[in-house]
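Novice: Each chain is listed here by its residues.
Number of protein chains: 6
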Amino acid sequence: MKIKIINPNTTHTVTEAMARIAADIVSPGTAIVAASPQFGPPAIEGFYDEAFAAIGVLDEVRNGDAEGCDGYVIACFGDPGLAAARELTTRPVVGIAEAAMQIAGFLGASFTIISMVERVRPMLDRVVAANAMGERCRSIRMVGIPLLDFDGEGCRALIETCRAAVVEDRAECIVLGSGGLGAYADMIGREVGVPVIDGVAAAVKTVETLVTLGLATSKRQSYAFPPSKTYTGSFEGFSPRPPAAGPVGARP
Amino acid sequence: MKIKIINPNTTHTVTEAMARIAADIVSPGTAIVAASPQFGPPAIEGFYDEAFAAIGVLDEVRNGDAEGCDGYVIACFGDPGLAAARELTTRPVVGIAEAAMQIAGFLGASFTIISMVERVRPMLDRVVAANAMGERCRSIRMVGIPLLDFDGEGCRALIETCRAAVVEDRAECIVLGSGGLGAYADMIGREVGVPVIDGVAAAVKTVETLVTLGLATSKRQSYAFPPSKTYTGSFEGFSPRPPAAGPVGARP
Amino acid sequence: MKIKIINPNTTHTVTEAMARIAADIVSPGTAIVAASPQFGPPAIEGFYDEAFAAIGVLDEVRNGDAEGCDGYVIACFGDPGLAAARELTTRPVVGIAEAAMQIAGFLGASFTIISMVERVRPMLDRVVAANAMGERCRSIRMVGIPLLDFDGEGCRALIETCRAAVVEDRAECIVLGSGGLGAYADMIGREVGVPVIDGVAAAVKTVETLVTLGLATSKRQSYAFPPSKTYTGSFEGFSPRPPAAGPVGARP
Amino acid sequence: MKIKIINPNTTHTVTEAMARIAADIVSPGTAIVAASPQFGPPAIEGFYDEAFAAIGVLDEVRNGDAEGCDGYVIACFGDPGLAAARELTTRPVVGIAEAAMQIAGFLGASFTIISMVERVRPMLDRVVAANAMGERCRSIRMVGIPLLDFDGEGCRALIETCRAAVVEDRAECIVLGSGGLGAYADMIGREVGVPVIDGVAAAVKTVETLVTLGLATSKRQSYAFPPSKTYTGSFEGFSPRPPAAGPVGARP
Amino acid sequence: MKIKIINPNTTHTVTEAMARIAADIVSPGTAIVAASPQFGPPAIEGFYDEAFAAIGVLDEVRNGDAEGCDGYVIACFGDPGLAAARELTTRPVVGIAEAAMQIAGFLGASFTIISMVERVRPMLDRVVAANAMGERCRSIRMVGIPLLDFDGEGCRALIETCRAAVVEDRAECIVLGSGGLGAYADMIGREVGVPVIDGVAAAVKTVETLVTLGLATSKRQSYAFPPSKTYTGSFEGFSPRPPAAGPVGARP
Amino acid sequence: MKIKIINPNTTHTVTEAMARIAADIVSPGTAIVAASPQFGPPAIEGFYDEAFAAIGVLDEVRNGDAEGCDGYVIACFGDPGLAAARELTTRPVVGIAEAAMQIAGFLGASFTIISMVERVRPMLDRVVAANAMGERCRSIRMVGIPLLDFDGEGCRALIETCRAAVVEDRAECIVLGSGGLGAYADMIGREVGVPVIDGVAAAVKTVETLVTLGLATSKRQSYAFPPSKTYTGSFEGFSPRPPAAGPVGARP
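Protein chains in written order, with UniProt numbering: chain Z, 1 to 252; chain C, 1 to 252; chain U, 1 to 252; chain R, 1 to 252; chain B, 1 to 252; chain S, 1 to 252.
For identical chains, the list gives no copy identity; a pair is met inside one copy or between any two copies.
Below, simulated SDA-like cross-link-like pairs (lysine to any residue); rule was C-alpha separation at most 25 Å, straight line:
| hint | residue 1 | residue 2 |
| --- | --- | --- |
| 1 | 2 | 68 |
| 2 | 229 | 67 |
| 3 | 229 | 125 |
| 4 | 229 | 12 |
| 5 | 229 | 144 |
| 6 | 2 | 63 |
| 7 | 2 | 24 |
| 8 | 229 | 15 |
| 9 | 2 | 62 |
| 10 | 229 | 243 |
| 11 | 229 | 118 |
| 12 | 229 | 151 |
| 13 | 229 | 119 |
| 14 | 2 | 25 |
| 15 | 2 | 26 |
No lab work stands behind these hints: they were computed from the structure.
Could you build the full structure based on these sequences and the hints that come with them?
Specialist: Next comes the structure, spelled out in structure tokens:
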């Protein structure tokens with residue numbers, strides 16, 4: 001089985017870090033490939049960045065189908081392009097935000113999302129609402145330091161932020177609200193004493209489960225293939241074409 | 001005042017029809033300009049089409065700001081690119097779906113959305129949910145005939161669909177769930193006897209109100225300007241740049 | 001077009017101030033008339049006051065129909081008598097609370113309502129819930145000074161209250177929760193830097209839009225005319241009578 | 001203990017029928033008085049009628065306090081004037097709609113409301129929503145015959161309507177959505193085989209419970225006494241006055 | 001009429017205290033019996049304890065039916081075993097949490113639940129959610145002292161906790177979230193000045209009302225008798241058997 | 001890794017069938033053990049049966065911890081005993097209902113639950129509500145034939161029921177609402193053309209994921225260990241004891 005992690009931003013060091021984490025947790029026989037789009041924002045901090053990142057995600061899904069990938073992870077906590085990607089392919093597509101919040105639900109009755117800077121809060125608010133997780137999400141807390149500036153002081157701030165979530169907000173789990181925080185999950189868990197969920201790990205294992213169970217995206221209603229048509233101008237290459245035959249909702 | 005109607009698809013005959021409807025209802029002194037993107041889908045039937053249409057919408061908003069427009073209407077019933085467009089500019093941006101559903105709320109306690117073909121239902125379901133209109137939206141009914149094939153028989157099917165919404169679903173208003181149905185609003189109202197809301201008209205008047213009241217998009221939190229950064233590859237031209245000074249939430 | 005602003009309380013100085021604000025923002029050709037009921041409470045501070053104010057509102061709507069008014073604004077933030085008024089007439093009736101909260105939704109993802117004294121909070125809580133705005137309404141904050149005692153110190157308290165809403169509650173817009181605060185909207189906007197919505201202005205423009213679009217209140221279900229009957233005693237003069245012919249949901 | 005049933009309409013035969021039902025079910029030592037307002041609608045079929053009925057209810061509560069009543073039942077299924085009445089007095093005030101729907105919740109997971117004619121449906125929809133009973137209320141069904149024309153055929157229609165609610169809508173209880181249907185409760189229960197809740201009986205027993213337990217309406221926040229002021233014109237006699245000392249939330 | 005109070009834990013001193021409170025408030029002719037299960041937890045502090053307590057509750061209901069009881073109160077604030085008990089018998093079964101929260105709704109628009117120690121909070125959170133009381137429940141506050149250690153200092157802490165709920169959380173009523181706090185209700189009411197609802201009293205009066213009105217648990221759908229079958233092993237004695245004839249939803 | 005499937009009823013043939021399905025889908029190195037309780041109901045058809053089944057589930061979890069199991073699946077679609085089991089152990093516990101409904105969410109926007117007989121509908125309604133899946137669950141449909149009587153005709157009825165869910169209710173996925181239907185999942189998928197989710201498979205893979213990621217149940221708040229105490233009577237052997245040291249929310 002080949003799972004493709006799509007990091008919707010174009011910062012390749014983060015993409016590679018995600019691939020390493022994923023490789024550690026998959027079953028024997030599962031290969032991980034990871035990619036960033038060929039074009040688009042180097043970081044995703046709001047709805048405008050997301051709009052452009054979504055196109056890159058779709059490009060990578062299309063390429064992935066051609067490369068024989070069996071499923072996709074969208075590795076940005078706003079899950080950009082998720083619904084559109086599910087239209088494009090029959091292979092399972094899972095966002096790290098939805099996967100992380102659902103995994104948290106098996107371990108505790110509530111969670112806090114930890115992210116880096118206030119600017120992304122509206123994007124997180126929206127993904128919480130879109131997944132109907134408003135009741136379970138106790139709070140969204142920001143470390144206040146950009147991920148790329150992270151060092152010893154950043155680590156301490158990260159742990160203190162998580163501890164405050166548990167003590168003051170009564171969060172029963174910590175959800176890491178940024179694709180690049182996965183490397184800190186175990187450390188936070190040891191320090192703070194609650195489950196810490198990394199969305200990349202959660203989503204990779206979810207895709208692996210779906211593929212193992214022979215489950216493909218439903219092509220009834222919401223995620224039916226986009227009707228064939230010719231896009232104008234510079235997007236012509238993305239024109240939806242009639243789908244090749246493929247698995248539809250059951251083991252091939 | 002200059003209001004720009006952005007038809008997110010690239011079918012110019014529809015764009016022009018919208019402009020004519022709008023020109024009829026604005027106040028003296030308000031000019032209407034209408035445009036379709038230079039690139040993208042000729043029709044918007046799902047989330048994949050919407051992702052590409054959103055980029056065209058953003059391009060037209062950016063151009064509009066340069067051309068001195070005072071506000072924008074996104075004239076597709078899925079409101080594609082709405083949140084991103086609000087980040088990009090301080091001028092008011094209004095989607096036809098949100099405007100139509102809110103106007104309906106001043107006239108009756110419930111409404112039915114009428115659209116053309118089943119393929120767009122998931123897009124409409126999502127825009128209803130995103131606007132928390134699930135309680136008020138009695139049903140979404142499809143005429144079953146594509147808009148471009150519309151003639152006498154189409155008209156009769158349209159009226160019968162609206163009548164069924166009123167009689168069987170107890171809808172108190174009809175919301176036209178397609179940017180191109182505005183020309184039929186008065187006719188349906190006479191035949192069926194309930195208010196019929198055309199989203200393009202509703203959104204144009206809403207933008208006119210916002211501009212008249214000196215109200216600009218809030219730049220706190222959700223719709224703050226996208227942080228400056230350089231996009232890679234073919235999207236470099238869309239890189240967010242520091243905003244020019246402009247009105248921020250109050251009359252300049 | 002003639003729009004009638006009904007100030008549900010009997011304090012005429014506030015009524016006149018509202019009329020002046022409205023006259024500034026309507027289109028050429030729109031006339032504003034403003035009135036307070038002939039009887040009832042001089043201020044509306046809770047559900048008991050509202051019950052009596054509602055009768056005055058209905059009296060003024062009935063009079064307005066006789067005077068050839070084209071639409072009505074109910075200018076108290078509890079929207080007293082709104083549903084009953086919609087039954088009584090086909091002309092659009094809009095409350096300042098519903099109009100203000102909906103306008104806010106086009107400018108930001110959340111708002112705080114500002115009002116004067118704690119005593120009115122339950123009335124505001126109820127109007128927020130009745131409009132399903134609980135998710136968007138971040139908080140209701142009180143200046144703590146009655147409007148009629150307002151001066152320089154009151155102004156400073158008002159600005160500080162709005163600033164706290166923005167900074168502490170993350171409100172993206174300010175909604176003025178009292179019909180008499182409209183004169184301060186621009187000043188608050190300049191000081192606090194977010195959109196400030198005055199319900200009277202919002203509702204007047206909404207009625208103007210509805211009339212321009214030829215939209216009348218739906219007479220199916222919720223707002224059907226009250227069945228004819230004879231009220232007993234001192235309310236006999238309010239007995240509902242068979243409606244005159246008139247526009248029903250579409251341009252006449 | 002003296003409980004006053006206020007029938008908000010002025011049809012005295014119904015008032016007396018309610019009083020007889022209530023007298024049968026109260027404990028020894030509880031007296032029932034029943035009254036209709038001196039003025040207002042003879043039947044309550046929508047929001048306009050309710051607005052006037054509410055004033056009559058308030059008049060009867062004020063009179064009741066002077067007559068030494070210990071609690072009040074508002075006996076119309078829209079619960080008109082309920083919040084205002086709770087402001088006016090410390091004695092418990094209970095509406096038949098809220099009481100009936102809550103009693104149903106102790107006996108089954110869902111209910112259907114049965115009423116007479118379609119015209120009242122919006123009023124019932126609103127009272128269901130105001131009590132957050134939307135999940136539990138399976139349906140609202142109308143017998144289709146006005147109560148005052150009721151005879152053998154009406155009875156059969158009533159039973160068939162209830163049976164359809166149980167069989168087709170899976171209602172586990174029947175809630176009688178009209179103050180005048182109480183006399184049929186036992187008969188329906190025998191015929192249809194589910195609990196049938198009469199709101200008048202439910203509300204009378206609820207008031208009796210509250211008085212027995214020494215519980216009075218809370219005067220914090222929502223139902224604080226209306227601030228003293230002088231109403232103008234014909235409502236001057238209803239001007240709120242400083243409250244007499246009385247029980248506040250606990251056994252006197 | 002004979003009402004049985006089932007204290008789901010095995011601490012008999014609390015059971016007896018509840019019986020004394022109940023005996024004070026019932027009507028002439030109503031007898032109270034009270035019991036604790038023969039087996040199970042001496043205190044109920046979470047979901048594990050509740051699972052075992054539920055079996056004891058069911059045993060006591062079965063015994064109660066044999067002893068001619070007319071209705072049951074489950075006297076633990078998590079309402080353990082409530083749905084199962086309703087399946088087992090036609091006699092009304094009422095939990096103290098559901099009864100207390102509903103009674104509070106007749107007296108104020110919101111309440112705070114007061115309990116003893118943090119450990120029970122998840123159980124209370126769940127019972128609030130299960131009764132769809134999340135909007136009305138302002139907060140859950142803990143006194144911080146176990147009930148059995150209660151003395152003068154405990155009393156002061158209890159009053160301060162209630163006062164904080166009223167002042168800081170704007171609670172309009174206090175709901176006592178523990179079966180053993182009933183003896184303090186009047187004292188708290190006098191000190192804090194809002195209604196204080198004891199669930200045991202509320203539930204006992206609710207059962208008395210249901211029995212007086214001839215209302216039995218609905219046997220359609222949710223609470224139909226458990227289908228006959230033979231349980232294996234040590235639970236064989238609890239095997240559901242065909243029900244004896246009895247009242248089904250209406251006065252016998 | 002050793003995963004224990006607990007079939008809460010005592011019908012061992014079903015238990016063994018589940019074990020076979022699970023063994024087919026786990027990764028190399030994962031062992032499956034399956035058990036039914038030593039006592040309790042042979043089938044679970046409602047809340048009464050569930051109460052007794054929950055005790056058996058807890059007994060099997062306790063045994064499982066002693067036997068070195070790494071995680072647990074509760075294999076009945078009402079998820080009986082789930083919260084209590086999470087208190088008892090640090091090892092992940094997953095119910096088949098919650099797992100199946102969450103997996104469905106990655107494949108389509110809605111689902112229908114298929115089960116066998118009407119008697120279990122209330123149990124399924126409750127598990128849908130408890131997981132806040134009311135919006136996504138289009139319908140619950142019953143085949144109308146008990147599982148144990150299943151043959152060729154049963155198969156045809158099962159397929160027709162699923163087809164009706166897709167065509168009439170617009171379900172995008174099928175969720176099998178009974179632990180024993182897993183063997184039919186592939187066949188239904190081929191016939192009906194949408195993803196078919198078997199809860200046992202979904203839950204087993206979810207536990208495997210949680211264990212692989214080193215995630216244990218949070219011991220803060222909701223699922224903290226039950227406080228030590230001695231149960232009385234026949235449940236003494238279930239008295240909660242101080243927990244052994246073990247993994248708490250992070251990789252050991």
